[in-house]
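J.: Here is what each chain is made of, one letter per residue.
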Amino acid sequence: MALPLKYNVQNVVVRWRSTLATILGIGLVVGVYVLMQAMAAGIEKSSANTGSPDNLLVTRKGSTSESSSIVSREQLRSLLYSPEIARNAAGEPLVSADVLILLNQPRREGGGEANVLMRGVSPRGREMRPQVRLVDGRWFDSGKREVVVSRRLAARFANFELGGRFRSGPAEYTVVGHTDGGGSAFDSEIWMDADEARAIFDRDQYSSLLVRPVDATAASNLVSRIETDKRLQLLARVESEYYAEQTSTAGPIKLLGNFLAIAMSVGAIFAAMNTMYASVGARTREIGTLRVLGFRRRAVVASFLIEGALLASLGGVLGCALSLFMNGYAVGTLSFSTFSETVFEFRVTPWLMAKGLLFSILVGLLGTLFPAIRASRLPVIAALKSL
Amino acid sequence: MTLPGFVIRNAFRNKRRALLSTLSVAASLFLLVVLQTFQREFTLPPEDVGASLRIAVRNKVSLGQPLPARQRPIIEKIPGIAAVTPFTYFGGRFKDMEFTPFAQFAVDPVAFTNVFVDAKLPLDQYEAWLKDRSSCIVGEDTVERYGLKLGEKIKLVGTFYPVDLDLKLVGIYSGTLDDRSVFFHHKHLDEMLDGSQTVGCWWVRAASSEEAPGVISTLNDTFANTSAEVRAETESAFQMGFVSMWGNVKLLIGSISSVVVFTLLLVAVSTMSMAIRERFRELAILKAIGYRRRELFGFILAESFGLAMVGALVGAGGAYALFQSLDIEKMTGGMLLYFEVTPRILAFAGTVAVALGIIAAVPPALAVARTSVVDGLKTLD
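Quick note, the sequences are listed as chains A and B, same order.
Its first residue numbered 1, the first sequence is counted upward by one per residue in our numbering.
Its first residue numbered 388, the second sequence is counted upward by one per residue in our numbering.
Treat the hints as calculated values from the structure; they're not laboratory data.
Errors might be hidden in some of the hints.
In silico lysine to aspartate or glutamate, EDC-like type, Cα no more than 16 Å apart, as pairs [to be verified]:
| hint | chain 1 | residue 1 | chain 2 | residue 2 |
| --- | --- | --- | --- | --- |
| 1 | A | LYS61 | B | GLU514 |
| 2 | B | LYS555 | B | GLU514 |
| 3 | B | LYS637 | A | GLU113 |
Computed footprint of chain B on chain A; a stretch qualifies when at least three of its residues, placed anywhere within it, have a C-beta under 8 Å from a C-beta of chain B [said to hold, decoys possible]:
| hint | stretch |
| --- | --- |
| 4 | 24-36 |
| 5 | 271-277 |
| 6 | 324-333 |
Sample of chain A residues facing chain B (criterion: CB under 7 Å; computed from the structure) [stated by the list, open to error]:
| hint | residue |
| --- | --- |
| 7 | SER18 |
| 8 | GLY62 |
| 9 | ALA89 |
| 10 | GLY91 |
| 11 | ASN104 |
| 12 | ARG108 |
| 13 | GLY110 |
| 14 | ASN115 |
| 15 | GLY169 |
| 16 | VAL266 |
For glycine and all other residues, C-beta sits at the position ideal for the given N, C-alpha and C.
Given the sequences, and given the hints that come with them, work out the whole structure.
T.: The structure is reproduced here in structure tokens:
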């Protein structure tokens, strides 16, 4: 027969002082674990959330990212009037030749300097990325050194407020609008007119082409045509797939998170073991009584394991609750693929919380196993005699 | 029985608990040391003898923007400059690797050896490098890692530049802090790019450290209001720029460290309280036979302090020994270069342990002090 669950619950409550310390300890371990994973999830989410499956992104073969790619004007010309490419109401082909430029700009409040990605974008490019909405101010006018900045970047960099002015290269720019990219990689970009940016930074060539094919068949035709054309040396990919692959920054963070979780949980397991051993020690007579009443060893072990798991899962819940405070908090770090500041949010997903909870229960079980076995092996008579 | 003997006996009367407490302190301090070392790795630029003399000159816009080659004669005329070389990051991929752990730079071989004076290269290899425009020299570490041999061809697929390189390895250098890079003729890159007139950066060596600040401001002023304004800074400042790009990650590691310390404190206090609670009766007897509160606090403090110190020794000392014996540079593919546990970090861990030992003794000591002898004697476990 199994011991009633109520016994364990009451035990946890009665020894509240050491219980509280253990719960807090495990809670903090789980909190750190969930937060680190939430950070990686935030990076992945912002990449996965970017671009449209209807567009193709064309870059130079061999370049690892859009910002290191080069597309010449000849290459643009040879693709611009392809029959596979859709046209807008005015009859212009839906092709945007963008140029990407890294700008070194000061952060707010003396946070040093960091690279920001500036995208020179054509009017068509804006049309083809409906994900990016204007939330404040207006769009830039070409030729007036005007830019729009993502709202998230504006919060992190000096001079990016509406009406703010900053210098880079031979020109000074005015921020006329703030955009929102809906949690996508576009939230880490400054936009200005493509031709103007090319003129200012003396760029003869483009970085990438964004192309809207007529339909899915046209898309795959275009991809294979570009692939096989040896003169072009270009690579076309579905825009959303390209961005989904740009998650290299998440790797090291996940790794660090796992390492931290393991190292911290080792400490937590020792601490939980300590608490449970003490708990067993204090209850020696109680356990003896239970055994005399006819509860089996198995039941005692199970009961203690349940108690440990219960204790730890309380910590797990606490940890998840703590991590929820950080949900949606925006942070920025260096992206390995664009070599510029990438802004993303902590994403504490239900799945991550479930993982955190499971993790805490595992810590609890591991910490309780040996004390539980010890409890079950106590000689009954001696246990009853003990004070 | 002597007093120290009494304390030691007490500490080990429950061997299992003593062990577990020590180990949990050790695990946390190990983590703390690792985190601190990690943070140091990212915040401290490598330093060597020549670093204080070397000046990096990049485009003011950002590293991604090239500089015109025509700036070179102007830079050479600035007084206080001993040598200047173009320094262009090629960013090639080696053997289809996802992440190529060594950098490749296009330089002017003659000027290069005058700027990077600590690089040691046998004279015959140097001459061979000068002679062959499509040759390169490679750092000792990379050569060893990939088992490269003199005369071998090194293929690099361009990621920034639309060209691929096929360089003949003619020299192996050593003696710099980071012997991993590949250096090749800038003229070769220019030719491959059909007569490109740009460079990535300039690397300059000032004649003396007194002249370096003057050279930096002259460089910045000379190109102000030209089409390619520059940012000149010491090599270490240049590398610190990368650190600041890490953004919140630094803060994050800092806050995790404090969470670890806090958890540690919690566990230690709880353990000490547990240890004291079970001998409340004995402490009451000690009180009854005339020991003072101060002395009882001394007993508890000595025990808690001792446990914390042993934990620190195992945890921090273990981390130190581990990273001394492991070749972190090889294990992480060059992502982490030194991963050195410095005396400063060890001292920090030691301080945390001392504080821990003292603070953990306070709550149980207070509880003992507050309880009257009679109540203490009445306690049943």
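J.: Please go over all the hints and tell whether each is borne out by the structure.
T.: Hints, one by one, checked against the model:
The hinted pair formed by A:LYS61 and B:GLU514 fails the criterion: a straight-line CA distance of about 36 Å is larger than 16 Å. The hinted pair formed by B:LYS555 and B:GLU514 meets the criterion: a straight-line CA distance of about 14 Å does not exceed 16 Å. As the CA atoms of B:LYS637 and A:GLU113 are separated by approximately 14 Å, the hinted pair is consistent with the 16 Å bound. Coverage of the stretch 24-36 of chain A by chain B holds in this model, with 6 residues showing a Cβ closer than 8 Å to a Cβ of that chain against a need of three.
For a cut-off of 8 Å, the count of residues in the stretch 271-277 of chain A with a CB near a CB of chain B stands at 5, and the three-residue condition holds. Under the rule that three or more residues need a Cβ within less than 8 Å of chain B, the assignment of the stretch 324-333 of chain A holds, with 3 such residues. Below 7 Å, beta-carbon pairs count as interface contacts, and A:SER18 has one with chain B at about 5 Å; its hint therefore holds. Among the interface hints, the one on A:GLY62 holds; its C-beta lies about 6 Å from the nearest C-beta in chain B, closer than the 7 Å criterion.
With 7 Å as the threshold, the beta carbon of A:ALA89 stays out of range of chain B, its nearest partner Cβ sitting at about 36 Å, so the hint is violated. Evaluation of the A:GLY91 hint against chain B yields a violated restraint, the C-beta minimum of about 33 Å exceeding 7 Å. For A:ASN104, the shortest C-beta to C-beta distance to chain B is roughly 4 Å, which falls under 7 Å, so the interface hint holds. At its closest, the beta carbon of A:ARG108 sits 12 Å from a beta carbon of chain B; the interface hint therefore is violated under the 7 Å criterion.
Checking A:GLY110 against chain B by beta carbon gives a least distance of about 10 Å; that is not within 7 Å, so the hint is violated. Checking A:ASN115 against chain B by beta carbon gives a least distance of about 5 Å; that is within 7 Å, so the hint holds. With 7 Å as the threshold, the beta carbon of A:GLY169 comes within range of chain B, its nearest partner Cβ sitting at about 5 Å, so the hint holds. Of the supplied interface hints, the one on A:VAL266 holds, with its beta-carbon coming within about 5 Å of a beta-carbon of chain B, less than 7 Å.
Violated hints, in rising order: 1, 9, 10, 12, 13; the structure is consistent with all others.
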